[in-house]
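Trainee: Using the sequences and the hints given, assemble the complete structure.
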Amino acid sequence: MAIVDLINAGEHQQQQQAAKRQEEDGEREYYCRRGVRHLSDSGITKLPGRYVLPASDRPGQAAAVGSVKLPVVDLARLRVPSERAAVLRTLDAACREYGFFQARII
1 MAIVDLINAG
11 EHQQQQQAAK
21 RQEEDGEREY
31 YCRRGVRHLS
41 DSGITKLPGR
51 YVLPASDRPG
61 QAAAVGSVKL
71 PVVDLARLRV
81 PSERAAVLRT
91 LDAACREYGF
101 FQARII
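FYI, the numbering for the sequence shown is 1 to 106, going by the UniProt record's numbering.
No lab work stands behind these hints, which were simulated from the structure alone.
Careful: at least some of the hints might be erroneous.
[As the list claims (entries may be wrong)] Derived Cβ-Cβ restraints for the label pairs, each shown as a range:
id, residue 1, residue 2, range
1, Pro54, Phe100, 18 to 24 Å
2, Glu23, Ile105, 48 to 54 Å
3, Ile44, Gln13, 50 to 56 Å
4, Arg96, Ser42, 52 to 58 Å
5, Gly99, Asp74, 18 to 24 Å
6, Ser40, Ala76, 30 to 36 Å
Keep in mind that this is a model prediction, so the values were computed, not measured.
C-beta atoms are modelled at their ideal positions from N, C-alpha and C, and glycine is treated no differently.
Mentor: Structure (structure tokens):
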């Protein structure tokens, strides 16, 4: 009978630990799902793992800061009627290809 009680106690403890992990995962998921703004407002000191790219997926030294050519769009040229169409094409291409651009106003 004592062996059965030990087995049952071990299983019960495992079930409790699994339930606690599920609850913690659920809380973490809810916390992360509320968005980056919530994370910022709450004063976090460590970025949740959900927002961290796995090391195997991170760019290596080949994609160093100086090797990436980001599109630069001079927004002041939008005011020049003869240049507006070209600037809009550049802006469109930057958004489609990169998802962002560096704005410059001279």
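Trainee: Looking back at the numbered hints, which does the structure fail to meet, lowest number first?
Mentor: 3, 4
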